[in-house]
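Asks: Each chain is listed here by its residues.
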Amino acid sequence: MKKHVVASTAEIPPGARKLVTVAGRPIVIFNLDGNFFGLFNRCPHNGGSLADGIVTGLVRSTEPGTYTYCRRGEVVRCPWHGWEFDIRTGQSFCRPGDLKARQFNIEVADGRDIVEGPYVAETVSVRTEDNYIVVEV
Amino acid sequence: MTVVLTSAARQEAQPVISGVADCDIHPSVKSMADLHPWLSSKWIEHFKSYGSLRNQHYVTGAAYHKSQPNASRRDAYPPEGGPQASSLAFMKQQLLDSHGIALGILNPLVPSQGVRNLDHSAALCRAINHWQVECWTSKEARLRASIVVPYEDPEASAAEIRFWAGNASFVQVLMLSRTSFPTGNKRYWPIYDAAAEAGLPVGIHAFGNSGLPITSAGWPSYYMEDMVAHAQSSQAGLVSLVIEGVFERWPALKFVLIESGFSWAPSLIWRLDRNWRTLRSEVPHLKMSPGEYIRRNVWWTSQPIDEPENATHVSDIFDWLGWDRIMFSTDYPHWDFDDPARVLAFRTSAEKRQQFFRGNAHHVYGVAA
Ligand code: FES
Chain H
0 MKKHVVASTA EIPPGARKLV TVAGRPIVIF NLDGNFFGLF NRCPHNGGSL ADGIVTGLVR
60 STEPGTYTYC RRGEVVRCPW HGWEFDIRTG QSFCRPGDLK ARQFNIEVAD GRDIVEGPYV
120 AETVSVRTED NYIVVEV
Chain U
0 MTVVLTSAAR QEAQPVISGV ADCDIHPSVK SMADLHPWLS SKWIEHFKSY GSLRNQHYVT
60 GAAYHKSQPN ASRRDAYPPE GGPQASSLAF MKQQLLDSHG IALGILNPLV PSQGVRNLDH
120 SAALCRAINH WQVECWTSKE ARLRASIVVP YEDPEASAAE IRFWAGNASF VQVLMLSRTS
180 FPTGNKRYWP IYDAAAEAGL PVGIHAFGNS GLPITSAGWP SYYMEDMVAH AQSSQAGLVS
240 LVIEGVFERW PALKFVLIES GFSWAPSLIW RLDRNWRTLR SEVPHLKMSP GEYIRRNVWW
300 TSQPIDEPEN ATHVSDIFDW LGWDRIMFST DYPHWDFDDP ARVLAFRTSA EKRQQFFRGN
360 AHHVYGVAA
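Those protein sequences? They're chains H and U, same order as listed.
The first sequence begins at 0 in numbering that gives the first Met the number 0 and counts up by one.
The second sequence begins at 0 in numbering that gives the first Met the number 0 and counts up by one.
Hints listed in this document are in silico derivations from the structure and should not be mistaken for laboratory results.
Only a predicted model underlies this, so the values are computations on that prediction, with no experimental measurement involved.
Zero decoy hints are in this set.
If you anchor each label on the Cβ, the simulated ranges turn out as follows:
#: 1; chain 1: U; residue 1: ALA340; chain 2: H; residue 2: VAL114; range: 40 to 46 Å
#: 2; chain 1: H; residue 1: PRO12; chain 2: U; residue 2: SER137; range: 46 to 52 Å
#: 3; chain 1: H; residue 1: LYS1; chain 2: U; residue 2: LYS29; range: 43 to 49 Å
#: 4; chain 1: U; residue 1: PHE345; chain 2: H; residue 2: THR61; range: 33 to 39 Å
#: 5; chain 1: H; residue 1: PRO95; chain 2: U; residue 2: ASP118; range: 53 to 59 Å
#: 6; chain 1: H; residue 1: PHE92; chain 2: U; residue 2: ASP323; range: 36 to 42 Å
#: 7; chain 1: H; residue 1: LYS1; chain 2: U; residue 2: ILE16; range: 35 to 41 Å
#: 8; chain 1: H; residue 1: GLY23; chain 2: U; residue 2: ASN116; range: 53 to 59 Å
Covered, in the sense of this in silico footprint (three residues per stretch, anywhere, with C-beta under 8 Å from a C-beta of chain U), are these stretches of chain H:
#: 9; region: 51-65
#: 10; region: 78-87
Here are the simulated lysine to aspartate or glutamate pairs, EDC-like style, with alpha carbons at most 20 Å apart:
#: 11; chain 1: U; residue 1: LYS91; chain 2: U; residue 2: GLU139
#: 12; chain 1: U; residue 1: LYS185; chain 2: U; residue 2: ASP152
#: 13; chain 1: H; residue 1: LYS1; chain 2: H; residue 2: GLU106
#: 14; chain 1: H; residue 1: LYS1; chain 2: H; residue 2: ASP112
#: 15; chain 1: U; residue 1: LYS65; chain 2: U; residue 2: ASP335
#: 16; chain 1: H; residue 1: LYS99; chain 2: U; residue 2: GLU308
#: 17; chain 1: H; residue 1: LYS99; chain 2: U; residue 2: GLU306
#: 18; chain 1: U; residue 1: LYS351; chain 2: U; residue 2: ASP338
#: 19; chain 1: U; residue 1: LYS65; chain 2: H; residue 2: GLU83
Idealized CB from N, CA, C, for every residue including glycine.
Please model the entire structure based on the sequences and the hints provided.
Replies: Listed below in structure tokens is the structure:
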């Protein structure tokens with residue numbers, strides 16, 4: 000496992016996402032209210048690109064005729080068959096027990112620490128005064 | 000806000016065999032103006048002033064909002080703009096090249112076939128057929144077209160088939176499953192006569208505008224009910240084709256049921272055959288059992304494939320129906336797309352894969368492998 004620097008935090012403001020390739024793996028990184036989450040960009044159903052899906056919320060119902068809309072902005076819907084995944088955990092909502100979008104550990108690191116290493120920053124030029132998103136692969 | 004959205008990193012798994020045939024691709028117009036080169040000013044003006052009414056509730060389109068924009072994948076918008084599958088360049092890149100597709104059958108669902116003004120319907124169909132040749136098949140050797148016919152006017156449909164017969168771009172006659180009368184009804188026979196004469200299979204794609212509810216129990220409330228009811232409309236059409244004697248009259252005419260599902264087919268055949276043994280005196284024009292006709296004259300496309308918990312159950316269905324009967328399809332660019340690398344979730348022999356992904360389609364459509 001190596002720590003790869005993939006973007007500065009400023010590149011992915013809250014509500015945004017970015018698709019990056021780390022060690023040959025496509026990973027989509029989401030910013031939910033300042034927290035970063037990374038999902039493998041292949042839907043566990045049949046491989047659709049989650050980076051191209053809409054970010055939405057969850058419609059819940061306790062009985063026919065009553066609906067609540069919750070978790071706004073925390074759910075990504077695959078652009079192919081529309082399966083929904085929890086951005087925070089990768090959990091699927093249609094088969095919660097056994098199907099997950101694979102998650103990657105994301106941390107935010109200070110530019111000064113990155114310069115000292117050990118980090119891989121192939122495509123990102125690191126400046127000591129900024130913060131960076133680091134994916135462990 | 001989205002900072003970067005790129006599909007560039009997507010790398011699909013390799014298709015299971017090379018030279019896959021995709022039997023259901025839906026090219027789209029950027030707008031109906033794309034058809035103007037082949038429409039008279041009369042019909043261009045008519046469309047601008049009055050539109051094209053179909054046998055459905057709403058003037059603007061289908062009764063159900065279809066889950067994703069244009070019922071299509073959100074990752075399938077061409078980079079140069081326009082709706083999904085309106086760019087040949089992007090279709091080549093996203094579908095044909097990345098999935099190893101060597102033969103693709105176009106089934107345009109551009110509004111035309113169910114238009115109530117039958118002359119308008121015929122004019123639109125003719126224009127769509129020209130557009131398929133000029134904008135798609137003449138520019139991409141992997142693609143073949145389907146003759147779109149105004150099926151509620153069977154004589155005009157037969158004329159349309161004869162107009163294109165012998166043109167190598169066209170490998171099929173396209174109808175939709177929801178016709179105003181059951182598909183085997185004698186009123187549609189001129190279509191089958193012309194198709195048989197031209198040596199072309201008749202593809203019947205789920206959907207259409209019959210004016211009748213999609214289920215035999217009335218209008219459903221949800222899009223999901225509409226989705227699963229396509230099988231019902233296709234079953235009713237298939238039963239009608241058998242019982243009315245279409246396969247008896249045109250023994251060599253091939254029918255392809257497109258996007259209708261196929262898991263239901265073995266049980267339908269068993270039930271039909273059981274009834275036929277009892278009731279055959281009602282249909283003395285049938286010389287063989289319904290199952291024998293169906294196994295001789297009918298093929299199915301695979302998408303959307305069923306996904307039971309135990310994937311080998313689908314393998315059983317293939318065995319029951321016959322590996323020579325089912326042909327792979329993606330339904331690109333629609334949102335319920337099937338990927339050739341993932342569609343068979345069970346192990347099977349190379350020979351069967353060869354039939355399913357390639358051989359059956361080349362046989363049915365008469366395209367040299
Ligand atoms: S590939 Fe994502 S829902 Fe099917």
